[in-house]
Amino acid sequence: MSNRPENAIKPMQQTVYKRQLGFLFFVILPAAKLLLLPSLLAFHAERNAALSMLVGGLADLLVLFLVCLAIRIAPEANLGDLLQTVFGKVGARIFLGLYCLYFLLKAYPVIFEQKSMLNQTLYHQLPFLPTFIPYFIVLIYTACKGARVLGRNADLYWFFVACAFGLLLVLSIESADFSNLLPVLYDGPGPVLKGIWANLTWFGDFAALLAFLGKIRFAPQDKKKIWPILTGGAAAVGTAVLFMVLTVAVFGPTVVKQAFALTRISKYSAFLSNSGRFDWLAIILLMIGIFLNSSVMLYAAAESLRQIYGGKSSLLPTLICGAALFALLVVIGDNFTNAYEIYSRFLTPAAAVLQIALPACTPLLALRYRRKHHA
Amino acid sequence: MNKAEQKTGRMSSDLEQNIGYLETFFHGNFDIKFRNFKLACGTKACAVFLDGMTDRIEIDEYIVMALQREGQKDDVNSILEQILNSAEAEIQSDMEELCHGVLNGDTVLLVDGQDQGLLLGTRKWGTRGILEPPTSAVLKGPREGFNEDLKTNMTLIRRKLRSKALVFQSFEVGKYSNTAVCLCYLDDIVDKKIVKQVTDKLQKIEIDGILDSSYIAKFLEIRTHSIFKQVGTAEKPDIVAAKLLEGRIALIVDGSPIVLTLPFLLLEDLQSPEDYYERRFRSTFARIIRFLGIIMSVLVPALYVSAQVYNLGMIPLRFTVTILNSIKGIPLSPALEMFFVVLIFEILNEASVRMPKYVGMALSIVGALVLGETAVSAGIVSTPALMIMAISAISLYTVPELQNALSILRLAFLLLAGVMGVYGVLLGVIFTLNYLLSLESYGTPYFAPFAPLVPQDMKDSVVKQELTDMTTRPKSFRNRNSIRLKAEKDGKSH
Numbered sequence: 001m002s003n004r005p006e007n008a009i010k011p012m013q014q015t016v017y018k019r020q021l022g023f024l025f026f027v028i029l030p031a032a033k034l035l036l037l038p039s040l041l042a043f044h045a046e047r048n049a050a051l052s053m054l055v056g057g058l059a060d061l062l063v064l065f066l067v068c069l070a071i072r073i074a075p076e077a078n079l080g081d082l083l084q085t086v087f088g089k090v091g092a093r094i095f096l097g098l099y100c101l102y103f104l105l106k107a108y109p110v111i112f113e114q115k116s117m118l119n120q121t122l123y124h125q126l127p128f129l130p131t132f133i134p135y136f137i138v139l140i141y142t143a144c145k146g147a148r149v150l151g152r153n154a155d156l157y158w159f160f161v162a163c164a165f166g167l168l169l170v171l172s173i174e175s176a177d178f179s180n181l182l183p184v185l186y187d188g189p190g191p192v193l194k195g196i197w198a199n200l201t202w203f204g205d206f207a208a209l210l211a212f213l214g215k216i217r218f219a220p221q222d223k224k225k226i227w228p229i230l231t232g233g234a235a236a237v238g239t240a241v242l243f244m245v246l247t248v249a250v251f252g253p254t255v256v257k258q259a260f261a262l263t264r265i266s267k268y269s270a271f272l273s274n275s276g277r278f279d280w281l282a283i284i285l286l287m288i289g290i291f292l293n294s295s296v297m298l299y300a301a302a303e304s305l306r307q308i309y310g311g312k313s314s315l316l317p318t319l320i321c322g323a324a325l326f327a328l329l330v331v332i333g334d335n336f337t338n339a340y341e342i343y344s345r346f347l348t349p350a351a352a353v354l355q356i357a358l359p360a361c362t363p364l365l366a367l368r369y370r371r372k373h374h375a
Numbered sequence: 001m002n003k004a005e006q007k008t009g010r011m012s013s014d015l016e017q018n019i020g021y022l023e024t025f026f027h028g029n030f031d032i033k034f035r036n037f038k039l040a041c042g043t044k045a046c047a048v049f050l051d052g053m054t055d056r057i058e059i060d061e062y063i064v065m066a067l068q069r070e071g072q073k074d075d076v077n078s079i080l081e082q083i084l085n086s087a088e089a090e091i092q093s094d095m096e097e098l099c100h101g102v103l104n105g106d107t108v109l110l111v112d113g114q115d116q117g118l119l120l121g122t123r124k125w126g127t128r129g130i131l132e133p134p135t136s137a138v139l140k141g142p143r144e145g146f147n148e149d150l151k152t153n154m155t156l157i158r159r160k161l162r163s164k165a166l167v168f169q170s171f172e173v174g175k176y177s178n179t180a181v182c183l184c185y186l187d188d189i190v191d192k193k194i195v196k197q198v199t200d201k202l203q204k205i206e207i208d209g210i211l212d213s214s215y216i217a218k219f220l221e222i223r224t225h226s227i228f229k230q231v232g233t234a235e236k237p238d239i240v241a242a243k244l245l246e247g248r249i250a251l252i253v254d255g256s257p258i259v260l261t262l263p264f265l266l267l268e269d270l271q272s273p274e275d276y277y278e279r280r281f282r283s284t285f286a287r288i289i290r291f292l293g294i295i296m297s298v299l300v301p302a303l304y305v306s307a308q309v310y311n312l313g314m315i316p317l318r319f320t321v322t323i324l325n326s327i328k329g330i331p332l333s334p335a336l337e338m339f340f341v342v343l344i345f346e347i348l349n350e351a352s353v354r355m356p357k358y359v360g361m362a363l364s365i366v367g368a369l370v371l372g373e374t375a376v377s378a379g380i381v382s383t384p385a386l387m388i389m390a391i392s393a394i395s396l397y398t399v400p401e402l403q404n405a406l407s408i409l410r411l412a413f414l415l416l417a418g419v420m421g422v423y424g425v426l427l428g429v430i431f432t433l434n435y436l437l438s439l440e441s442y443g444t445p446y447f448a449p450f451a452p453l454v455p456q457d458m459k460d461s462v463v464k465q466e467l468t469d470m471t472t473r474p475k476s477f478r479n480r481n482s483i484r485l486k487a488e489k490d491g492k493s494h
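Protein chains in written order, with the numbering used here: chain C, 1 to 375; chain H, 1 to 494.
In isolation and in its complexed conformation, chain C is listed as follows:
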């Protein structure tokens, strides 16, 4: 017998529309890729950094397509169910644990980037911890609201994010010199691929779709349609590549020194010198996208943790994961250089498995799941 009072809200059905997932990727992906990543890619690929973004993005899209295939095959199965069909209960739990850790580690750079951006551009001497406690409260609040509210966030923001990118495009294109992109592949494809490999954890955002498996709402008549998710993913990758091209075109060989390209790309516009930096409105809107990116990663980590023990509430796993993420930020603090070293040396192989290899195998897992459960 439930003790729930009459007026208490009934637990929401945690489902998300395919359209919302498409919008979600468009909202969270491009902005988060335009803070530190351009300079990190340019460190290896120099003028061909946009190519690194393109190749990495296309690889991500391929993974997205394969995960979408898995959704078509077994729409009702979540990640734990799929893993369990091949690796058994214990194996599935180990993988879910690894995913939980992976998503937490993936959230760290995004949060660090936001913090650094805020410190450098809005607040010069702001203490780290007191600033980020409110951030974490809102982050945990957003993540524990679950898939449904994240989907609604995407529905709400996609238009504004599109407008923000549009504004930045208009303001920055006048300072772009596209000859900065040439010559293409002067040193061969090596530096381009090296740039991707060294920064692999900055890619693979579509792996977050794994946390939404089994929660996607299908109308009976459109079970086979996965194009809304793919379209959103393609728009996200396209926007990230477009702005990477613009970044290289605007900054030329100095891209490597442009830590927060997104905040600087439009500042040389003649409009802004007369009217003040109203491009900040666009940047602030994109910061919401970056915030949502970390919320989705925290949600994905919490969802993986929840599936390990099979609980119903998302509050406890979100609190645990949020506390772990906060501890991670406190321990690493401002020591991003060391963290980056660890990420690019040790985490890259793990990321290759968790964000590329395993998601790419999900159609096979889904097929096996379907055979087992629909036999």
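These aren't lab readings, by the way, just hints derived from the structure by calculation. We put the beta carbon where it would ideally sit given N, CA and C, even for glycine.
What the simulated footprint calls covered on chain C by chain H, stretch by stretch (three residues with Cβ under 8 Å from a Cβ of chain H suffice, anywhere in the stretch; the number is not a length):
1. 15-22
2. 140-146
3. 285-299
Assemble the complex: chain C is given as a structure, and chain H must be docked to it using the hints.
This is chain H only, laid out in the frame that chain C set:
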């Protein structure tokens, strides 16, 4: 036998005993009148009624006088069928029901030797006229508004929707107030699950008294401690009729001129009845203004403070120079200064709502001239701060329905801006939106049709389409019979 009968609530055939029961029941209240008289045939009878809630002329002329002249038979069936010409009358043998009828303004007729009484509809009391409600004034469109009388309000709705599908379901709520509450919906359109949910909630309400519809709203809300209302309110029958036609339900509460509607979407507060009587371009423009009004009322003071404290670069250079000149010498910090101005405004606002009208002019002079002008010339607050507050205050009244929630949010955002600047405001916005996105009203997302995106319902959102384009009922909430307009394809022009 008689006493045993009356203990179980059944009438006795002894008139004196029945009168005794009623006197005991009403504790000798002086406004309960017992009019003893004799029928034409000589049988004793008594009319019992509540003074002040009944039509005395009807009692005198059409009940007492009619029975004295023509009451040749003394059984209640004959009296009902041959003598009385009341439109509303029923035979009742349950004393509880009869007492209840008296309290509602009906007249009870007791006849000696009869173990049944007559309950005659004689309700009448003074009510306000049908006036234009001050909070929903329009330039175009109907101007009639609800008043405190349930029957009048029902009639106003019925006059708009003369259909057999219009259902009025009656309830009584309140242990002592026994307030009549009327649930109203269009049977062909409404989702029956919502009707059942609301009916269940109404039946479970256990409270001493319902003095206004807002009491009922508290019981119907999902999150009772929220600063956002989750039940729609309307003061005009055309608004309620439009909502009923969309598949919503309405609740009319006796004694309240405000009718409740469910399910409720936040978007409804952006809509004005006039939008539907104007050209769609004007309506769209007005809605965009209201939307901007919401944003400006909440965020402008906060952004002004955060720009001053942390991010002066956000303001164009020429403005920066002007602002810096104006704030020179102000002893308070920007956040405290704005907080002070907001607080003064809230006090003035609260006072102006409650004070007698004849001192309104004096308050305007004191508030606007003395306080504003002298505070600036004394160097306590700056001119930009006052101007920002004025913009915010005026913007707040573009959406009066949201005034309470927005004024609280404005203070919260001001606090965040003072402590953390734009970043704090941004976190506040994200938090508030997430809260709103998680709210639901009877299975309807509060932020629909924006999130979740319902493209069909965007026709009546910020950008308003012409009435002829809105062919389907809203899909944001459950309803049946989705087609509401069969538009002619030929010759359609915009």
